[in-house]
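All chains should be built: construct the whole structure from the sequences, respecting the hints.
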Amino acid sequence: MTEKHWNIEVNVVEDEVNTTAQAILTMPTGEEHIGIGNARRNPSDRPVAVIGDELAVGRALADLSGRLLGQGARDVARVSGHGSEATGRGW
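Residues in the sequence shown are numbered consecutively from 2, following this note's numbering.
Warning: the hint list may mix true and false statements.
Straight-line C-alpha distance at most 20 Å; calculated SDA-like pairs for lysine to any residue [what the hints assert, rightly or not]:
1. 5 x 26
2. 5 x 33
3. 5 x 30
4. 5 x 28
5. 5 x 29
6. 5 x 70
7. 5 x 25
8. 5 x 66
9. 5 x 69
10. 5 x 27
11. 5 x 73
12. 5 x 34
13. 5 x 32
14. 5 x 31
15. 5 x 72
Calculated from the structure, these hints are not laboratory results.
Written out as structure tokens, the structure reads:
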């Protein structure tokens, strides 16, 4: 059995209202997959920075997940010759 470890770097930038997160997965091949997430505090809410961080990072990871699933489906279609109909779920 082969064990692999992938690391995701998460960067967060925030101001008083907006938080943006970027989740970066660098593949062993050097290819990068990047997910982006944003959160915006309602001006009438009291500022709690960790909430914006959680939402922005969660959204960045969800975006990254979707991008990886899409890339996997395209790779399955490419190697199997089944065109764009492959979903990657058969693997």
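Against the structure, the hints come out as follows:
Restraint check: the Cα-Cα separation between residue 5 and residue 26 comes to about 14 Å, which is no more than 20 Å; the hinted pair holds. Restraint check for residue 5 and residue 33: satisfied, since their Cα atoms lie roughly 17 Å apart, inside the 20 Å limit. Taken as a hint, the residue 5 and residue 30 pair is honoured in the structure, with Cα atoms around 13 Å apart against an allowance of 20 Å. A C-alpha spacing of about 11 Å is found between residue 5 and residue 28, which places the hinted pair at or below 20 Å, so the restraint holds.
Annotation: proposed proximity of residue 5 to residue 29 holds, straight-line Cα distance about 10 Å (limit 20 Å). With a CA separation close to 18 Å, the supplied pair residue 5 and residue 70 stays within the 20 Å bound. At roughly 17 Å between alpha-carbon atoms, residue 5 and residue 25 fall within 20 Å of each other, so this suggested pair holds. Under the criterion of a C-alpha separation no larger than 20 Å, the hint pairing residue 5 with residue 66 is consistent with the structure, at around 18 Å.
A C-alpha spacing of about 16 Å is found between residue 5 and residue 69, which places the hinted pair at or below 20 Å, so the restraint holds. With a C-alpha separation of about 13 Å, the suggested pair residue 5 and residue 27 falls inside the 20 Å cut-off, and the hint holds. Of the pairs offered as hints, the one joining residue 5 and residue 73 holds, with about 17 Å between alpha carbons and a cut-off of 20 Å not exceeded. For the given pair, residue 5 sits about 17 Å from residue 34 by alpha-carbon distance, which is consistent with the 20 Å threshold.
For the hint linking residue 5 to residue 32, the alpha-carbon distance of about 16 Å falls within 20 Å, and the restraint holds. Taking the CA atoms of residue 5 and residue 31, the gap is about 15 Å. The hint holds against a cut of 20 Å. With a CA separation close to 19 Å, the supplied pair residue 5 and residue 72 stays within the 20 Å bound.
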